[in-house]
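S.K.: Sequence:
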Amino acid sequence: MESISALTKKLSDYLTPKQIKQVEKAYKFASKAHSGQYRVSGEPYVSHPVAVTNILGTFGMDQDSLSAAMLHDVIEDSGIPKSIIKREFNKSVANLVDGVSKLDQLDISSTTEIQAENLQKMVLAMAKDIRVVILKLADRLHNMRTINFLGRDKQLRIAKETLEIYANLAHRIGMNNVYRELEDLAFKTIYPTRYERLVSAVKKNRGGQKRLLKKINRSIEKKLLEQKIPSYIEGREKHIYSIYRKMKERRRSFEDIMDVYALKVIVDSPENCYKAIGAIHSLYKPIEGRFKDYISIPKSNGYQSVHTGVVGANGQPIEVQIKTQDMNEVAENGIASHWLYKSGNKSDSSPQMKARRWVAGLLEMRESYDNSKEFIDSIKTDIFPDEIYVFTPNGEIIEMAEGSTAVDFAYTLHTDIGNHCKACRINRKLAPLNASLESGQTIEIITEALPQTSPAWLNFTVTPKARNNIRNYLKKLKNSEAKKLGKKLLDSSLSAVRLNVKEMKREDLRRVLDGIGIRSLNRLLEEIGLGKRVGNVVARQFLGFLKKGKTIKKDQVVPIEITGSEGLVVNYATCCRPIPGDSVIGHFTADRGLVVHQERCKNILSSKKDPSQCFPINWHDNLERVFSTQIKVIADDEPGLLSEISSSIANSGTNIESLSASESTPGIGEIVLLIQVTGRDHLAKLIRKLRRMKTVLSVTRIHDQEMRKVKTLH
1 MESISALTKK
11 LSDYLTPKQI
21 KQVEKAYKFA
31 SKAHSGQYRV
41 SGEPYVSHPV
51 AVTNILGTFG
61 MDQDSLSAAM
71 LHDVIEDSGI
81 PKSIIKREFN
91 KSVANLVDGV
101 SKLDQLDISS
111 TTEIQAENLQ
121 KMVLAMAKDI
131 RVVILKLADR
141 LHNMRTINFL
151 GRDKQLRIAK
161 ETLEIYANLA
171 HRIGMNNVYR
181 ELEDLAFKTI
191 YPTRYERLVS
201 AVKKNRGGQK
211 RLLKKINRSI
221 EKKLLEQKIP
231 SYIEGREKHI
241 YSIYRKMKER
251 RRSFEDIMDV
261 YALKVIVDSP
271 ENCYKAIGAI
281 HSLYKPIEGR
291 FKDYISIPKS
301 NGYQSVHTGV
311 VGANGQPIEV
321 QIKTQDMNEV
331 AENGIASHWL
341 YKSGNKSDSS
351 PQMKARRWVA
361 GLLEMRESYD
371 NSKEFIDSIK
381 TDIFPDEIYV
391 FTPNGEIIEM
401 AEGSTAVDFA
411 YTLHTDIGNH
421 CKACRINRKL
431 APLNASLESG
441 QTIEIITEAL
451 PQTSPAWLNF
461 TVTPKARNNI
471 RNYLKKLKNS
481 EAKKLGKKLL
491 DSSLSAVRLN
501 VKEMKREDLR
511 RVLDGIGIRS
521 LNRLLEEIGL
531 GKRVGNVVAR
541 QFLGFLKKGK
551 TIKKDQVVPI
561 EITGSEGLVV
571 NYATCCRPIP
581 GDSVIGHFTA
591 DRGLVVHQER
601 CKNILSSKKD
611 PSQCFPINWH
621 DNLERVFSTQ
631 IKVIADDEPG
641 LLSEISSSIA
651 NSGTNIESLS
661 ASESTPGIGE
671 IVLLIQVTGR
681 DHLAKLIRKL
691 RRMKTVLSVT
701 RIHDQEMRKV
711 KTLH
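Residues 1 to 714, numbered by full-length UniProt numbering, are exactly what the sequence shown covers, in order.
Rather than coming from a laboratory, the hints here were simulated on the basis of the structure. Accuracy of the hints is not assured; some may be wrong.
Derived DEER-like restraints, expressed as beta-carbon distance ranges [unchecked claim]: (1) V501 x P432: 43 to 49 angstroms; (2) V501 x A423: 26 to 32 angstroms; (3) R290 x D268: 50 to 56 angstroms; (4) Q37 x K214: 47 to 53 angstroms; (5) D268 x I397: 56 to 62 angstroms; (6) G151 x P455: 26 to 32 angstroms; (7) E164 x K228: 45 to 51 angstroms; (8) R701 x N571: 39 to 45 angstroms; (9) Y38 x L225: 29 to 35 angstroms; (10) E561 x N434: 31 to 37 angstroms; (11) Q441 x Y38: 20 to 26 angstroms; (12) P455 x P192: 42 to 48 angstroms; (13) I84 x S41: 25 to 31 angstroms; (14) S646 x S583: 50 to 56 angstroms.
Simulated pairs of lysine-lysine, DSS-like, Cα-Cα distance not exceeding 27 angstroms [stated by the list, open to error]: (15) K188 x K292; (16) K422 x K475; (17) K248 x K275; (18) K532 x K502; (19) K285 x K223; (20) K246 x K228; (21) K429 x K483; (22) K214 x K204; (23) K210 x K128; (24) K214 x K264; (25) K91 x K25; (26) K18 x K28; (27) K210 x K246; (28) K32 x K10; (29) K204 x K223; (30) K422 x K502; (31) K188 x K25; (32) K475 x K505; (33) K228 x K188; (34) K215 x K292; (35) K203 x K248; (36) K91 x K32; (37) K285 x K228; (38) K91 x K10; (39) K215 x K248; (40) K214 x K275.
All C-beta atoms, glycine included, are put in the ideal place defined by N, C-alpha and C.
Could you put the whole structure together from the sequences, leaning on the hints where they help?
M.R.: Here you go:
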């Protein structure tokens, strides 16, 4: 058990006697509160808060953080209210203790909905005071150091939670010492045999590696001394879990993982970091693609350093990191280094300011997600991103997650730029919006006056901000489109009995809406458009509440017209693939709204008689889109057949979405094409053109249900 005297001695290196006295007071308060309480290990419970405070003392945290660490379990375990802590100490200490106590109650490994709620609480706690998370990480670190006293099931739950959330959180805010230890402790707990084998392999390999590093050390020290660059060099062994992760990712054995060790060169200034790189490259051949400048472009957690990879003796690759002492402190302790109370560092690039911006982004994200799983996935993605750095045409550096696309980039610049993004140029050349970006590229976004947001963007965007904004826009758009469609459907049903919502008295409309149990006409129209309510049924409810005594007959309902511009709320069935000119009918489903089928489609025969499921529709004369349909071409199987047919279709102004070819009988080829047409007239012209080809034997329009058994309705 760590003693309070050893702790106060450590704190005297940077705290005043008055500040230390507050921490000692917190220790006495905690000792009294936890009197008679013991840990599973058998130690007095107060040993835990002392250990957590000691960890924070290593980071050089302020006296309020240290006092809160001493007291972090007194609310939960001893029932002491926050008000007493505020009275005995101060508001800051009380808020920190309360924040950590609330995080202690979170079970991040529970069900999806509870997990989402708990992660939201964690985001709120971080937003109020980022020190809460530093305290929580220190608490988790000590609990992981003593996890062997718990039962196996509890060990596994806590270790998995640590690996998935807390280790990554420590990395995200730059606390790399904590991150590495948490990962190794969790790995050791989950896979003890694998851990021991790797430790043994590293130990066995250590002797030869140390001799190699020592030799490289001496040569670099000599070179830097010659160039009058003050420095010292440390060797660093990569932590066990990072080696294991690399083995899994590369599917290699330990013997094939060569970069297990790294050198850290500490110099006195940023300028000398670059001079040192030149000196090292004059001694050892640099490995192409391994140079990274995190001084000019710091990582999102404030990390700064210059990295290079060189070929050492015997062809051994060695990673070398060059940084100043201040950079090294930030690299090890991240947001906990140079705490604001010490230096007043409010630089925009400081770890603290970067962390505050990141948490503000999480808060914004929290407000926008309806789906629990999406929120969890976004949080986890955002906690631990790999980064790339790209440029705007003006030369501004933009930091993004690895795998980001031009659409992600557009939303990073501004939500409006993202919503209006039409195309992009990468390094001055037109490129697809879904192209993955790489560090060093210059990205230009081309916008349109009208919004261009597409549901397809969700298939390739990776950043939470982009995906969140796309979903929000589509949700608003869908609601707007649903409202328009709902109005059409309701007006059509009411017209059969000569009712019109516009001509209704306000009190009559209110009586109907109250009777239906919905707050507004707009919401009612949205629900009709989304298929959650049926226009015919709602029209009957109108008649009932208005006591009109009329009935709506099926043949009295006026068909609505489909223009093709209804957007997300009208879908076209893939089982029969209706196109303009076909006789069609609308079928309602709760999940897809109105789905347009051919009237003769076998999948809706049983539903056609039910007015609550089907609705008469017509095609508008001037449609604003193309529609997909399938054709089957039977032809002599000659060389160049596919090319000839594809060219003929393309030359007629028809797009091919997909095609498949097979040999139905020897010498006879069968080609099935999914094409885009404007209607039956367009399709008929294309079929006539194909039939005129010498090699073509027949061309027919087909439906999916003719190709295979249909398992679902749509």
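S.K.: Does each hint hold? Answer for all of them.
M.R.: Each hint, compared with the structure:
1. V501 x P432: 43 to 49 angstroms: holds (45 angstroms)
2. V501 x A423: 26 to 32 angstroms: violated (42 angstroms)
3. R290 x D268: 50 to 56 angstroms: At roughly 24 angstroms between Cβ atoms, D268 and R290 fall outside 50 to 56 angstroms, so the hint is violated.
4. Q37 x K214: 47 to 53 angstroms: Because 49 angstroms falls inside the window, the suggested range holds.
5. D268 x I397: 56 to 62 angstroms: violated (26 angstroms)
6. G151 x P455: 26 to 32 angstroms: violated (47 angstroms)
7. E164 x K228: 45 to 51 angstroms: holds (48 angstroms)
8. R701 x N571: 39 to 45 angstroms: violated (20 angstroms)
9. Y38 x L225: 29 to 35 angstroms: Taking Cβ atoms as reference, Y38 and L225 lie about 56 angstroms apart, which means the hint is violated.
10. E561 x N434: 31 to 37 angstroms: At roughly 35 angstroms between Cβ atoms, N434 and E561 fall inside 31 to 37 angstroms, so the hint holds.
11. Q441 x Y38: 20 to 26 angstroms: violated (59 angstroms)
12. P455 x P192: 42 to 48 angstroms: Given a distance of about 46 angstroms, which is inside 42 to 48 angstroms, the answer is holds.
13. I84 x S41: 25 to 31 angstroms: Roughly 29 angstroms apart at Cβ, these two residues keep to the hinted range, so it holds.
14. S646 x S583: 50 to 56 angstroms: violated (31 angstroms)
15. K188 x K292: violated (32 angstroms)
16. K422 x K475: holds (20 angstroms)
17. K248 x K275: violated (36 angstroms)
18. K532 x K502: Within the cut-off at roughly 22 angstroms; holds.
19. K285 x K223: This hinted pair holds, its Cα atoms lying about 15 angstroms apart.
20. K246 x K228: Roughly 37 angstroms between the alpha carbons, so the hint for K246 and K228 is violated.
21. K429 x K483: violated (41 angstroms)
22. K214 x K204: holds (17 angstroms)
23. K210 x K128: violated (46 angstroms)
24. K214 x K264: Since the Cα atoms of K214 and K264 sit roughly 13 angstroms apart, the hinted pair holds (cutoff 27 angstroms).
25. K91 x K25: Holds, at roughly 16 angstroms.
26. K18 x K28: Holds, at roughly 16 angstroms.
27. K210 x K246: Given that 27 angstroms is the threshold and the Cα spacing comes to 21 angstroms, the pair holds.
28. K32 x K10: holds (23 angstroms)
29. K204 x K223: violated (31 angstroms)
30. K422 x K502: violated (38 angstroms)
31. K188 x K25: Status violated; Cα separation ~37 angstroms.
32. K475 x K505: Roughly 31 angstroms separates the two Cα atoms, so the pair is violated.
33. K228 x K188: violated (44 angstroms)
34. K215 x K292: holds (24 angstroms)
35. K203 x K248: holds (20 angstroms)
36. K91 x K32: holds (21 angstroms)
37. K285 x K228: holds (22 angstroms)
38. K91 x K10: Measuring from Cα to Cα gives roughly 26 angstroms; hence the hint holds.
39. K215 x K248: violated (31 angstroms)
40. K214 x K275: holds (21 angstroms)
The structure fails hints 2, 3, 5, 6, 8, 9, 11, 14, 15, 17, 20, 21, 23, 29, 30, 31, 32, 33, 39 (numbered hints given earlier, in ascending order).
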